[in-house]
Amino acid sequence: MLMFGKKKKYASIPGENAKKDVPEGLMQKCSGCKKIFYQKELIKNLNVCPECGHHHQISAYDRINSLFDEGSFEEWDKDLLSQNPLQFPQYEEKLEKDRIKTGLNEAVVTGEGKIHESRTAIAIMDSRFRMGSMGSVVGEKIARAIERARKEKMPIIIFTASGGARMQEGILSLMQMAKTSISIQRLHSENGLFISVMTNPTTGGVSASFASIGDYNFAEPGALIGFAGRRIIEQTIREKLPKDFQTAEFQLKHGQVDKVISRSEMRDTLGTILDIHGYGGETVETSAGV
Amino acid sequence: MKQVLEFEKPVIELREKIEELKAMTKDSDIDLSDEISKMEERLAKLENEIYGKLKPWDRVQIARHAERPTSLDYIEQLFTNFIEFHGDRFFGDDEAIVAGIAKYKGKPVTIIGQQRGKNTKDNIKRNFGSPHPEGYRKALRHMKQAEKFNRPIITFIDTKGAYPGKAAEERGQSEAIARNLMEMAGIKVPIICVVIGEGGSGGALGIGVGDRIHMLENSTYSVISPEGAAALLWKDSGQAEKAAKSLKITASDLKALGVIDEVIPEPLGGAHRDKITQALSISKVLDDSLRELEEESETSLLEKRWEKYKQIGEVQSSIEKVEV
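Residue numbers (my numbering), protein chains in the order written: chain A, 1 to 290; chain B, 1 to 324.
I should point out that these hints are in silico values taken from the structure, not numbers from a laboratory. No residue lacks a Cβ here, since even glycine has one placed at the ideal position from N, Cα and C. All clues stand as given, with none of them false.
Calculated cross-link-like contacts (lysine to aspartate or glutamate; reagent style DMTMM-like; alpha-carbon spacing at most 25 angstroms):
id	chain 1	residue 1	chain 2	residue 2
1	B	148	A	190
2	B	245	A	96
3	B	310	A	112
Some chain A residues judged to face chain B by a derived CB distance under 8 angstroms, without partners named:
id	residue
4	88
5	137
6	189
7	207
8	254
Just so you have them, the derived chain B footprint on chain A, three or more residues with Cβ under 8 angstroms:
id	region
9	75–83
10	176–187
11	229–242
Please build the complete structure, drawing on both the sequences and the hints.
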């Protein structure tokens, strides 16, 4: 039905967002089941697909809101900024770009808050910032949070989301694995509680340091967890890996995680564990006692 | 055949020529001693020129040299009564890591070292020096034993990295390394780590947390291989030479960054030129480290180990920045 004469035909060039097939900001397509949802609906459901249960990325602050008693969170060391210790080309520009993109100063947010009235220290990594990679600042903030938890006799919960070490900080980045693991050892030596929750993705240097040595290692459903990247392994062993390789469920099967916990059950489960460990707060009864 | 590195070709060629001339004079009456001594002078000058200003990439080549001495070479040179022990008691024995007990100048020690192969067959047995989780678990078992019997631990680091394989993932490569980092923090005996070849990322660090970290002059220690970094950053593994420079992976770089304690000098051209001299210079540094660490109490040993790693890294507070 042409009302204004023949319409010119233009070749359409797909833009950045065309892959998503849906308008930015309003609708979102689930990368699990490919169904389209109102973004509001997804956000209300903690970025978990109501249809297939796929756990989408969630920002550090959204996760804090989903976990802590209202208004109880207090942030630590927000002022720490990364430098460019190796004078690595373009590193500062990349940091600045991610600061603007995410509104975060670095790839981890640390602090303390209350979960069902139990006071706990926390570190939450955010993979939108430099793939959640661990450079000096990420290592320092996590180590400081663990030290503070130890000194103040608080438990610590760390949510990991990281591609591994931050290449642009070279060996200093590698040494953050040692720094964070040593502070975990110090905490363990005083019987402090450390709960590690691995979210998508937890690989490389983060997986091979503090993330794997919790008193409890948990994982979010479907999270990619592993040491080496899939492509590298495939190139090394010259065979195709199964689809579920290095997923949370794979790690559960291979004895590397204690439990896979969905986002909607995270707050209550953590609350119960803190309570069982005697960190006060209110008991969330999940089953009938004696 | 001897492995010749690209940058040292002029030296090797000249050296061969001198050998030829020497052989000639032996078999005939012609006196070439003048020429030979002149050429030897030139050789010395050339060696100083070439080996005196090695680029990071040249050092990578030396660190990977097929004839570079391995952990077992140094164990043979430095210790007496070495007995190797096997197995992690969970799964198997990983020959990419050797572990055992010996005496160092009369005193008992535990030794752990990553072990490359000397030839193809040996390399297959040793998995080219890339450990599986059982290697790290074997190492930890021996460290715990060293702690129980109160003897210092010496580790030799020489690996391209922990093995990125399917079975390694299934058996918890991440956990094995992570546990070692954590446990090494609390081991109540001195731990001295020496990087003798390649220090490949987490795989190296898995036996590399200690009270003293030393590196041979031409060894490297990096978060990622130069080839890997180039592939990730510039989608071109051919730019590895550039990445080797940017990543700051040489012993002197790490010393400047405050990550390691001593740079152990190598014979001109690299450790493979003279492993006995090399072992002697390692021994000198080991003596100092052991003497210093023996004086520490358990508490101060662990506290200082923590302090050592605590200060690594560069951070800036935005608040302090404003005040300045």
